[in-house]
Every structure is written in C-alpha cells, then in structure tokens.
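Student: The two chains are supplied separately, each in an independent frame; assemble them into the complex guided by the hints.
Each protein sequence line maps, in turn, to chains H and B.
Counting from 1, position 302 in the first sequence corresponds to residue 302 in the UniProt record's numbering; the numbering is continuous, with no gaps.
Counting from 1, position 212 in the second sequence corresponds to residue 212 in the UniProt record's numbering; the numbering is continuous, with no gaps.
Hints are computed from structural coordinates only; laboratory data are not their basis.
As the structure is a prediction and not an experimental result, all values here were calculated from the model.
By construction, the Cβ of each residue, glycine as well, lies at the ideal position given by its N, Cα and C atoms.
Heads up, a few of these hints could be off.
Unchecked claim - Below 20 Å or equal to it, Euclidean Cα-Cα: the simulated SDA-like pairs (lysine to any residue) are:
(1) H:Lys155 with B:Pro324
(2) H:Lys287 with H:Gly249
(3) H:Lys176 with H:Lys287
(4) H:Lys358 with H:Leu297
(5) H:Lys270 with H:Ala306
(6) H:Lys176 with H:Arg101
(7) H:Lys425 with H:Trp62
(8) H:Lys155 with B:Val325
(9) H:Lys155 with B:Ala323
Stated by the list, open to error - Which stretches of chain H does chain B cover? Using the computed rule of at least three CB atoms under 8 Å from a CB of chain B, they are:
(10) 1-11
(11) 82-91
(12) 104-116
(13) 140-151
(14) 234-246
(15) 300-310
(16) 390-401
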Amino acid sequence: MVTRRFALLLALGVPLPALLPSPWLLTLAVLGLASGAAVLDVLVAAPLTGVTLRREGDETVWLGDTATTTLTVGNTARRPMWLRLRDRWVPSAGADHTEHRLNLLGGEEQRVTTTLTPTRHGDRAAVRVTLRSYGPLGLAYRQRSQRWNGAVTPKWSLRVLPRFPSRRLLPEKLAKLRIFDGAVVTRGRGQGTEFDVLREYVIGDDVRSIDWRASARTHDVVVRTWRPERDRRVVCVLDTGRTSAARIGDEPRLDAAIDAALLLAVLASKADDRVDMLAVDTAVRAKVEGGGHRTRLPRLISSMAALEPALVETDFGLVAGDLLRRDHKRALVVIFSALDAAPIVEGLLPILSRLTTKHRVVLASVRDPETARLAHLPGTGATAEEVHLAAAAELALAERDRVRALLGQQGVIVVDEPRETFASKVSDVYLMLKAAGRL
Amino acid sequence: MKNPRRLRLVAPLAAVLALATFTGIVHAVEQPDPTDAAFLSPTSDEGEGARLLADGLAREGIVVDVRRTTPEALDAVGSGEAATVFVTAPALVYRAYLERLVTLPAQVRVVMVAPTESDLRQAGLDVPVGGPRWTAAAPPPGCAAGFADAGPAAALRRTYDAGAYEPVVCYGGGVAEFQARGYAELTLVGAADPFRNDRADEHGNRRLALGLLSRTPRVVWLDLHERERAPRPTPTPTRPADPGEPEDEGYEDWTDDGGRGDGPGQPTPAPAPDGEGDGGSQGGALGDSALAQAFPPAVWATLALLVLAAVALVLASARRLGAPVAEPLPVRVRAAETVRGLGGLYRRAGARGTSLATVQSAARARLLDHFGLPPDTPIDPLAARVAAYTGVPEDDVRHLLGGGVEDSDEELVRAATAVQDLVRHVTGQQNWQQAPDEGNVT
Numbered sequence: 001m002v003t004r005r006f007a008l009l010l011a012l013g014v015p016l017p018a019l020l021p022s023p024w025l026l027t028l029a030v031l032g033l034a035s036g037a038a039v040l041d042v043l044v045a046a047p048l049t050g051v052t053l054r055r056e057g058d059e060t061v062w063l064g065d066t067a068t069t070t071l072t073v074g075n076t077a078r079r080p081m082w083l084r085l086r087d088r089w090v091p092s093a094g095a096d097h098t099e100h101r102l103n104l105l106g107g108e109e110q111r112v113t114t115t116l117t118p119t120r121h122g123d124r125a126a127v128r129v130t131l132r133s134y135g136p137l138g139l140a141y142r143q144r145s146q147r148w149n150g151a152v153t154p155k156w157s158l159r160v161l162p163r164f165p166s167r168r169l170l171p172e173k174l175a176k177l178r179i180f181d182g183a184v185v186t187r188g189r190g191q192g193t194e195f196d197v198l199r200e201y202v203i204g205d206d207v208r209s210i211d212w213r214a215s216a217r218t219h220d221v222v223v224r225t226w227r228p229e230r231d232r233r234v235v236c237v238l239d240t241g242r243t244s245a246a247r248i249g250d251e252p253r254l255d256a257a258i259d260a261a262l263l264l265a266v267l268a269s270k271a272d273d274r275v276d277m278l279a280v281d282t283a284v285r286a287k288v289e290g291g292g293h294r295t296r297l298p299r300l301i302s303s304m305a306a307l308e309p310a311l312v313e314t315d316f317g318l319v320a321g322d323l324l325r326r327d328h329k330r331a332l333v334v335i336f337s338a339l340d341a342a343p344i345v346e347g348l349l350p351i352l353s354r355l356t357t358k359h360r361v362v363l364a365s366v367r368d369p370e371t372a373r374l375a376h377l378p379g380t381g382a383t384a385e386e387v388h389l390a391a392a393a394e395l396a397l398a399e400r401d402r403v404r405a406l407l408g409q410q411g412v413i414v415v416d417e418p419r420e421t422f423a424s425k426v427s428d429v430y431l432m433l434k435a436a437g438r439l
Numbered sequence: 001m002k003n004p005r006r007l008r009l010v011a012p013l014a015a016v017l018a019l020a021t022f023t024g025i026v027h028a029v030e031q032p033d034p035t036d037a038a039f040l041s042p043t044s045d046e047g048e049g050a051r052l053l054a055d056g057l058a059r060e061g062i063v064v065d066v067r068r069t070t071p072e073a074l075d076a077v078g079s080g081e082a083a084t085v086f087v088t089a090p091a092l093v094y095r096a097y098l099e100r101l102v103t104l105p106a107q108v109r110v111v112m113v114a115p116t117e118s119d120l121r122q123a124g125l126d127v128p129v130g131g132p133r134w135t136a137a138a139p140p141p142g143c144a145a146g147f148a149d150a151g152p153a154a155a156l157r158r159t160y161d162a163g164a165y166e167p168v169v170c171y172g173g174g175v176a177e178f179q180a181r182g183y184a185e186l187t188l189v190g191a192a193d194p195f196r197n198d199r200a201d202e203h204g205n206r207r208l209a210l211g212l213l214s215r216t217p218r219v220v221w222l223d224l225h226e227r228e229r230a231p232r233p234t235p236t237p238t239r240p241a242d243p244g245e246p247e248d249e250g251y252e253d254w255t256d257d258g259g260r261g262d263g264p265g266q267p268t269p270a271p272a273p274d275g276e277g278d279g280g281s282q283g284g285a286l287g288d289s290a291l292a293q294a295f296p297p298a299v300w301a302t303l304a305l306l307v308l309a310a311v312a313l314v315l316a317s318a319r320r321l322g323a324p325v326a327e328p329l330p331v332r333v334r335a336a337e338t339v340r341g342l343g344g345l346y347r348r349a350g351a352r353g354t355s356l357a358t359v360q361s362a363a364r365a366r367l368l369d370h371f372g373l374p375p376d377t378p379i380d381p382l383a384a385r386v387a388a389y390t391g392v393p394e395d396d397v398r399h400l401l402g403g404g405v406e407d408s409d410e411e412l413v414r415a416a417t418a419v420q421d422l423v424r425h426v427t428g429q430q431n432w433q434q435a436p437d438e439g440n441v442t
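Excised from the complex, chain B in its bound form (with noise of 0.2 Å):
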C-alpha cells in the first residue's frame, strides 16, 4: 500500500479486525466438544468430566446406569419404572432416536442438555431457541421449581421458549421443563456448565445437577461421545432379485423388523430422506449421505462460503482489460540457408566424391589465380608449380588437387583439409574472406 493516509486509515481497522478473529478461533477452540470423551462423562476427573456429579447422585442413593448408545438407553426404561435418562449430546444422537427419546412415557423424565432448536426440531417439537450467548450466565432461578432451590446457577447460555407446551420457566428461560402430548417429562438446560466438574463448585451448579437427576431413583446416563449412525436395516427380500433392476430399487424391500416402542436394540425404520431436514445440509440426498452427516453443517457452510470466493477471484482474474494484440512476424531467412540446404544434401546423400570434387575445383582456381595461370591450364602444369614451390612431390600435389573418390568420411575430412591447407600454404591466406578478390567493386 504506497498511499500513507489510505495505511493509517486502514492499520488500525485491520488489527482490529485481526483481534477479533483471533478471538473468535480461540473462542471456538475453547468450547468443550460433546465428541471429546471426557465430555460430561461420568466416569472423567477432567475439566469437562462429570464424575463429581455421578458421585455426588451415587451418594444420594441414584443407581447412575451409563448407556454408550440411545437404543440401550430406551432399552434401559422400557420397563416402565420410573427413571431419569439423561442426555448429555443431543447434537449427537440419530434424529429418529430423538423423537422416540422424547416421547416416552410419563413416568420417565429426560434431561437434554443444551439441544438446540434443529435437535428439538427433530425430536418433533417446536421450541424456538435464543443465543447461544458467548458464556454461560447464572440468573436467579425465578420460578418455584423443586431444584430451583439451588439458587442461582450457570444455566442460561441458550434460551427455551417452550410456549406452546405450558412450561416451568427456570433461570430466564435457560430451563425449561414441560410434558409434550402427556409424554415423558422433558427438561431442556441451556447450558453444560452445572454438569460439568470445573464449574461444579460455581454458583449453584452442583446442586441443580443433583435436583435435576435426583427426582428419580434411577438415572439412565446416555454417555455419547460420536455422531450415531443410521440403525442397520436387514434385507429381507420378498421377492426373487431381479439382476435387470438398478440395486437402489433394493431399498424398497428392505423391511425392518422393529418399530417406535418396540423395544430398544431393534433396529427402527429408515427415515423419510425429506421433510425433516433444516433447510440445509441435513436435507435431501446429501443431508441423508454419511459424508454430510460427518461434518457439521458449519464446516460445510465455511467450505461453500470459500468455494465462492474462489470462484469469485476466477471471475474478477478471468476477464481481461482488453485482449492481446496478434500481429504477423516479419519474415526472415537464416544466413547460408540455401548453402547448409545443400550441405545437408551432399552429407544425407553420402556424396563424398562431389564434396571433394568441388573443393578441390575451388583450391584449383585459387591456385590458378595466384600464379596468374590462365583459368583453364590443366592439373599437371599447375601441380608443378605447386611441387617448385612447396617442395611436395608432383605425384601428391596431383593426388591433392585431383584425386579421386574416398571411402570414408575420415578419408574425406584428411583430404579435403589437406588440400585447404595446401591453399593456405601457398597463397599464404589464412581466411577465405581475407581474400583480396573478395567484396571489391567490378
């Protein structure tokens, strides 16, 4: 940036638009993640463990029975006695699940902690939710619920808004509990922070945890810690394959052989792929693929929102200030083309004899020239001036200037030099184009 003025305006916008985003990734880092396995696990001493609080209801005489999975949850109350699951990540429970989860009966209770309003969506209820706030805050209770009594406690980062199903409103609405369609009693916490133990002693965290889970003498833990899949269904074919058929009509007589309330551990059917989804990636055929289901939709969001930019940046770079300018060459013709033309026929054709021939016709009347020999005197006079002169034997001096064809390349450069050179000796001219005849005015 050349401009002083334009960088002072700028800097101070840009560090401060730097710090922000540093925040925010810090932020985000920071935020305990439901697919860690400490997370609200029962048995985790860490920071975002549970343990304090599944010994705090061990103490008070709850059987805390923990499930890795939602089938083996619901298989755990299905007796009909009266039990609290909890829910530590409904984020990461199969959304067919969710329902079935909240419409159990009513002796049971469900604690969800922190659903959000596409998991309630899915669950089949409609609770709009506020926030989230950046942190959890601890209001007074205001209301006269049982485990209101803990007095303020960290429990108001997302806000219910359960309206329509006549609610108990704790802590600004950070609490809601209510009984949907006179199914199980469902309580919605807006924060994990009064699980947690790090934050166990804040506030009155420890004891709304306990008030929450300890209405009931039995406490089902669902500790789930990975996105749960689609239950498997089992194909059972009715009807003979038909090779001819795409394999995707397979689908249609897979069966399954457990149903809503049928009991935990069977597998229920397979969702509608449409009209569940929140408008986004959980919608359509990508919503229902298992690689859409891996990320969560953020990150999906992020990677289109990048693709744009991308396909932005092609499209500002694509077009041109104007097009280049195509303009014929000049044309021009190398040096001695047409003379290494045909010293490339002589060499391809094998023609040493011409070759030599002409060479030695050339060194002739160079010869000629420098003794003042008229230009057609034959080789035998010429080679006996040259022999005077040189002291060479006549009978090489002929063999030089006259000789006949050689055989080989090698035969051909030694004589070809040799007579050059006899013509260098001679006319004592060492370059051709030193030559006094050369380039003169006629």
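Pulled out of the complex, with its shape left as it was, chain H reads as follows (with noise of 0.2 Å):
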C-alpha cells in the first residue's frame, strides 16, 4: 500500500505536462516513475513475518492510578526495519501514547512503553499490535490483515482494582478495633468476651479487672485482659441486580457497594475475621471462600474487580442457597443491595426467616438523595410536574420506609445511608456487633 508520500510525489509531477512538449507521455512517465519506486520500496520493507513481540509491566492497577506496559519489539530479518505500531486496547483501557516509530536493524530488539489510565475496573484487555514496515523511501509499505496482527499479539490483560475511596477510613476504624481489642489502654477493660491473657496491673487499669485469685498466687497484681471473639465469619453478599445499575451522584451503586465491602473485608481480615464474598444477580458472578488470612484479601479485590451491574432481577434464592448449605457456624451476612419493594419484598423476605436463625443479617443500602430532593416542593414557583414527581418520590421513601419496618421485624440491621458515610456506617455496625460480641 502506498503513503501520502507516495501521492506528494505524484502531486510534484503535476507542473510537468504543463511545462513540457508530450504531455500525455510525461504524465505516464511520472506516474511510471512514482509507481517503480513504490514497488521497489515495497520489496525492499522488511518482512513483518520476522518481528517478534514480548510484553511485561503491570498486572493490576488501582482505578485512577496510572499503569504502564512495556511491550519489546524484535526484528529476526536480516534487513533494517522501519517501523510503525499501534498498541490497541478497549477505550476503557485509557491507553496513551499507544503509536510508535522504531527503527530496528537486524537483530535488534526495541522497547516502547504504553501508558494506561482505566476509566473502568475489570479486566481490561490489550486487543491488538498491528504493525507497518516501510520502505527506505517512505512511499509504501507492508501491512498484514487484522486477524494476522491479532495472532501475533501477545495476550495480556490488566486488572483495574475498583476504587476504593473509603481506604482513609482505615486508619480510624483499626484504631477503634485495637481499643476494644484490649491493645490500647482505655478506662475501661479490654472489651469482647473471649478471655486474652493475665497480665501485670498497671495505674490506669479498671480495678473490676483484677483477678484476685490469680494476684493471690503470684503475690502481685494481675488484671485479666478480654480480647474480641475471633475467627468469625463474615459474609459479604454483593446484589449485582438492576438495582446496582442506578447512579447514586456519578457512580453506580454497586461502586459504592465494592467500597463499603472492601473497607469491611480489610477491618475484619485485621480482625482475624475470615471474610468471604458472594456476588449474585440470576447467576453466582464471584465467590470467594476458604484460603489462607494472607491470601484471601488479594483474591477478594481481584474478584470485586471483575463485578458490573446486569439490568436482571437478582435472584436471592441463590444466596440462601449458598448460605444454607454450608455446614458452618453462624456468620455475619451482609447483603449490599437496595430498599426496593420489588427485590425485597418478592426475592429476600421468603427467605429471610431461614437465614436470620442461622446467621446475623445486615442489609446495607446505599441512599439516593435525588428521591428526597424530589419529595420536596419549592416554596414558590412549583409546576404541576414537580406536584406529580414528588408525590411519586413520597411514594418511594414511604415504600422504603415499610421495606425497613419489614426487615427490622425479622431481626435484619439495615444500613440506610447516603453515599459519604456508607462505607464507614456499615463498618461501625460490624464493630459494633463485634464490641457486643453478637457476631
């Protein structure tokens, strides 16, 4: 195939016929001319069959953060090569400086570098490298079809970990953990119910602490430290539904829901919790269970990455089925889904009454402040359009309303918060039951 140099050169030809006697002659010798070169230069253009690809860099990325992969160009052809690459991801990829020039001479191998910003968590894959050799002259080159360059591509995909916002929270709630972990010295004992360790008393001790029998044996004062209950379960049932689909400010609500998880995952693995992770529309969508305290926490983010909302009514059997079936002591199950009549009411209170005799339920909900906005007319200048909009909205926050009451009749804690403090409100109802030992 030719370049734009190629048609430069035509163009050049052009004043010629004008200039010259036999015109019709000069302008087959120019275009004879430009043609013999272009074929020339075409034979000349390495052979593309003879470039070997190799990638390497980053496996996984944060979303938001900046990835990069290096992707090393080889040239097996005795000749020189001239060449030019596009390194192709999907759009979501944020690929830049995707286009590359490389001169290789015989033998040698280049390294040219891709920057990839994701717009997206998942997998976000590197489709295609489609290479172009020129010729020395620059007026055509060598170009093989999609499928060929797709063949030759090395496979490599880059896991986007989904955002997680609420990571600075961490600090603050691992501080409160280690309080009533009987680690930090407060007023009042260790808190928790598992019986630690005895240890020397010190001034600032609750005196209800000492154990006198045990003071009475060694000759000194020794307090009795408390330690929380370890080595719970917690569940985290994510409800990858239609639901999840609604924004809630820019993002969707199974975003919010991920980070809240996520905060949750972390504060009980530091707990010595063993969390696992279910995520359910009409299908199981992940699951993570068993393996190692180190392992799992990797293994959970990774899976989370991969969750996109389906527009599908979740199917909640599945989760009791899942839950149910397993031959394990109680767990704290946390649904993350929405205070919807329709899902609640016909998909997760049939079944509710099994799972809160087995388990402890909580179900976390991110809230939509457009319907209360909604529900709230102007003082002066309301439309009859916003009368029926916001009699619609009452509607929904009172169908909530009755949802709530409904699953605080059956024992489920219900998490009802806006999208600020979801995360950290749903962290603080698991300590809270950790504190109290009602896990």
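Tutor: What follows is the structure in structure tokens.
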C-alpha cells in the first residue's frame, strides 16, 4: 500500500505536463516512475514475519492510577526495519502513547512503553498490536490483516481494581478495633468476651479487671484482659442486579457497595475474622471462600474488580441456597442491595426467616438523595410536574420505610446511608456487633 | 519538521525546487499565445503582432490578403494563381483543413509558423519535430536558399527533420522547405520570432520573414486566433426518420455537400473519429468532443495527474493502522429512574387527585410523627393539634391535609405547596433530606 509521500511525489510531477512537450507521455512517465519506486520500496521493506513481540509490565492497578506496560519489539530479519506500530487496547483502558515508530537493525530489539489510565474497573485487555513495515523511501509499506496482527499480539490483560476511597477511613476504624481489642489502654477493660491473658496491673487499668485469685497466687496484682471473638465469619453478599446499576451521584450503586465491602473486608481481616464474598444476580457472578488469611484479601479485591451490574432481577434464592447449605458456624451476612420493594419483598423476604435463624443479617443500601430532593417542593414557583414527581417520590420514600420496617421485624439490621457515610456506617455496624460479641 | 539535520538537508533542495517551479511558471506565462488577438496579426502594433512585416510586404508591392478562417484562405488561393498562404497558428487550424492546406496546387506556397509534430501528422506528413528549445536560437542559415541572404535569424526553436521529402534545410533545421508528393511548396519555420514586431530588428529576422513571404505576388495571411470548429454538416435525410431509432443513427444519413478541393467555404466531410489521434485526448470519443478540444492536452494531462495524486492520497489515508476496538458499554441507570417514571405517568394521566392525596398522606405522617401521635390517628385530632399550634382555623387545616380533588394544575400546585409549607412550619424542617429519621441504622 502506498503512503502520502507517494501522493506527494505524484503531486510534484503535476507541473511537468504543462511545462514540457508530450504531456501524456510525461504523465505516464511520472506515474511509472512513482509506481516503480513504490514497488521497489515494498520489495525492500523488511518482512513482518520477522517481528517478535513480548510484553511485560503492570498486571493490576487501582482505578484512578496509571499503569505502564512495555512492549519489546524485535527484528529477526537481516534487513533493517522501519516499523510503525499501534498498541490497541479496549477504550476503557485509557491507553495513551499507543503509536510508536521504530528503526530496527537486523536482530535488534527495542522497547516501547504504553501508559494506561483506565476509566472502569475490571479486566482491560490489550486487543491488537498492528504492525506496518515501510520501505527506505517511505513511499509504500507492508501491512497484514487484522487477524494476523491479532494472532501475533501477546495476550495481556490489566486487572483494574475498583476505586477504594474509604481507605482513608481505615486507620480510624482500626484504632477503634484496637481499643476494644485491649491493645490500647483505655478507661475500661479490653472489650470482648474471650479471655485473653493475665498481666501485671498498671495504673489506669479498671480495678474490676483484677483477678484476685491469680493475684494471690503470684503475690502481685494481675488483671485479666479480654479480647473480642476471633475467627468469626463475615460474608459479603453483593447484589449485581438491576438496582445496582442505578447511579448514585457519579457512580453506580455497585461501586459504592464494593467500596464499603472492601473496607469491611480489610477491617475484618485485621480483626482475624474470615471474610467470604458472594456476588449474585441471576447467577453467582463471583465467589471467594476458603484459603489463608494472607491470600484471601487480594483474591477478594481481584474478584470484586470484575463485577459489573446487569439489568436483571436478583435471585436471592441463590444466596440462601449457598449460605444455608454450608455446614459452618454462624456468620455475619452483609447484603449490599437496595431498599426497593420489589426485589426485597418478593425476593429476599421469603427466605429471610431461614437466614436470620442461622446467621446475623445486615442489609446495606446506599440512599439515593435524588428521591428525597424530588419529594421536596420549592416554596414558590413549583409546577404541576414537580408535584406529580413529589407524589411519586413520597410513595418511594413510604415504600422504603415499609421495607425497612419489614426487615427490622425479621431481625435484620438495615444500614440506609448516603454515599459519603455508607462505608463508614457498615464498618461501624460490624465493629459494634464485634464489640458486643454478637457476631 | 522537528529534526534540524533533516531540515538543513531538505531546505536547500526545497528552495531550488521552488525556484525552478517559479521560473517554469513565469516562462510559460511569458510565451506568446496564438489565441491572443495580437499574435502575428498584420494589423497589430504590439510586440507579438506582425504589423511591421505586413507593411514591409506592402512596400515591396506584395498584396496581403487577410483571411480569418481556413476555408476562406483556401478559397482565396483556389483560383490557381501563385500565392503564399501564411499560417500563423497551425495548432488552431481544424485538422482536416491542415491536410487540405498541404495538398494545395504546386504553384501555391504554404508557410507554417512553428507547427508541432502532431499538427504535421494530422496534415498527413511524417516529419519528426525536435525541441522546443527554451528560447529561439539564431544560427547562421547554412543553406543556399533565396531567403538565406538574411543571415542569422531567430528561427531555431523547433527543428524539422523532413528527410523523407528531400527538403532544403536551413538554420540548423529551424527552417525546412520541401514539396510533398508534388503538391504545394511547404515551408516550416521553427519559431515565431522572425515575424514578430518586437523581434523584427534583431539578427536578420525581418529579412528572413520578408524573404519567405515575398516570393509570390500575393500573400494570403491566415489570421486565426481561436481553435477552428469542425464544419457543420447539413442534414439531408435520405429516408424518413424513424422515431424508434436512436438519434446517433441520424449521423449516417448526413451527407456533406462539399469534398476535398471542391472549393472553400463548403463543408468538408466529418472526419472519422479513429486513426487520427496522437494517442492522447485527440483519439476516441473524448478526443472528438468539443470539451476535449476546448483545452490543450497539457491541461488534461495535468488534470489526470492531479486526479491520480488525489486517488493516491485517498488510498494512503484509507488504510488504518489497526481498526478501532469496540467494547460494550456498562449498564447505567439514572438516579431515581422509577420515581421519574411514575411521576411522568401521573402527569400524563392527569392524576391530580392521586398526587395531592399522596402528598397530603406523607404530610400527615410527618405531622403525626412530630406530635408523637399513633400512625392510625384520624385527621380531626391531628387538625386540632396543628390548628392549636399554628393558629390557623381548624377547618382550613383539615382542608389542607385532606382536601378533595383539584380541577386545575394551578390549584394542585397551590394545595401541594401549602401542605408542605405547613409541615415545614410545624416541624421546623426545611428539607426532607435533613429529617432525623432518615438514614439511620435500625
């Protein structure tokens, strides 16, 4: 295929027929010369079959951060190669500097770097590296089909981990955890129900914690310390059905749920509890259970990264089937969903009594401030349309209250919070239950 | 161009190329144009005119007979007496007339100014033409012809190799004189310079021109400044026109009432469309069309090259370095989508009563909550509490909290706003979002 330089060559020949005799002969001569040079160029251009591609670089990145991948391009042919390539990724990978020009001598290798700033979490794939080998004159080039280029492209996928803005809350929550863990001296004894250890009394300890029997034995004043229960089970159930697709602010409800679930998971891991994860809509989309403490958290984050909302009604029967089938001790089941009547009343309520007898259930829902805003009419200048919208919003709010009351009757703890405080409140519920030994 | 080394290499070449192109364009513009009315005109005093030559001929007693078309010129020499036909622009002569000019009787001389090889081929002559040179040269005559007394003259721009006709060759091939197949004596002059006013005094130009044209007592000066058109044939249907036949067939029925040598002024046969072209625009259907003849071949050739360059540019731009990649968009639903949908349904159905009742019901619930009354409290005790708190008459409060269906949108808006204002006034809340019962953990 010819380049623009070939067209320029023809354009440079345009004045010749007007200036010299035999215009048609000259036209043919210009065309023939240019075409001959182009054919020669293609023949001299290095073959694309001599190109080798190898990729290395980041495999995971947090959403909002920038990753880099390096593509090593080699020329196994003897001829020098004037190569132009484009490293094509899916659009949401946010690839920058994807086009590169390389002059490769025979047997030489060079590296090109592509920077990626993904716009969505999940797996972002490198689709195709398209290669184009130019002749030395730059008049023509060799390029093969998309399928061929796709076949020689090294397989690579960047896992984009979901945004985790609640990370900043982690120190505060961990400090709370340490307080009732007994690791920090407070006015009270270490909260919790499990006996931890006997230690020497220091000023500031609660005198009620003194173990007189042990003090008599050791001839020194010793106190009992307590710690919360450990190795409890926490199950995060993420609803990826239609309600998770609704936008709360700039992001879907699912992203807020993932953020809160991540904070809860990190916190529970630090508190030596086991965290499992289940994502469901009409099928189980992701499931993380078992494995060691160290590997579980990365697995959990990685599984959550691939979750996407789907426009389907969630089948909570799958959750019940999974949680009730498991032959394990009582767990804290945190269901991240929405307080919408239809999925909760028809989907969750029928199975809730069985769930609550076996587990402690928390339903966490991000509140949509838009509904409350619509229910509020301005003092002046309202329109009939706004009144109808306000009526619809009032219905939705009343319905939400009804659902919340129904869930409360079933012994479910409901967290209904705006986006800003959602993750924090969910963690607080966990900490509260842990402190009270109700996990 | 970012690379300074490449810039240093390319800049001088580009400057030279630009200079050469500019020079070429200026030279092309400065060339005399035969279609200009002054070009070798016997009445023009301009530089490219030939008034001086015409006057010189008149002084020598030569009759100058100016004709505007070739048929007129042919007609003027048709009587058989000795004459010289001076063809100033052979390129503008219709090609069938060129052949007739060459085949005039032997007592007629024909002087052609700078004919091209294509012109001569159309005249039925096989004379290879060299050049053209950048400018006309003035070599010595180098021959013994009568007009060679003029000495060096600027007659050499094109050269004529008429070896097949035993010519008299002068001025290094710039002037060739021969008699083809016993017809008229033909003189080919390789440049227009000897005949022009502005060049008449240079070298022996004036003497050469006079020498060439003063050999007969009469000169028929073909003063042609536009491309001659084909003679218009006169349709003489030989059979009734068949409406079912295509119109093109009609050409076969057209006959020419004139033929070769039948006399000037009469239409000649329409030339056959094939076999006479020079391999370019002159051949084929395009070559015969008026549009093709409206411009010189150089224009068409330039145009063709431009089109080819444009096609090459399109081809070069068309091939992408990898097609764009498609990706399914994530599912996103607008906030409060169902609320907006339900509100729209209310509005479309005109359900003012339902909307107002819903707003009132929500207001009653908030007021009951505020006063700590049971949720199933009837409206009357509530209205009494609100009336006592606000000082508004109880009936008005009752109407506000449980009024009937409104008839117009304005009344609906007024009633709904009044209810919410009442709740805000009683509870002191300005916004539902700040309600204490919102967003707690139960």
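Student: For which of the previously enumerated hints does the structure constitute a violation, in increasing order of number?
Tutor: Of the numbered hints, 2, 3, 4, 5, 6, 7, 12 do not hold.
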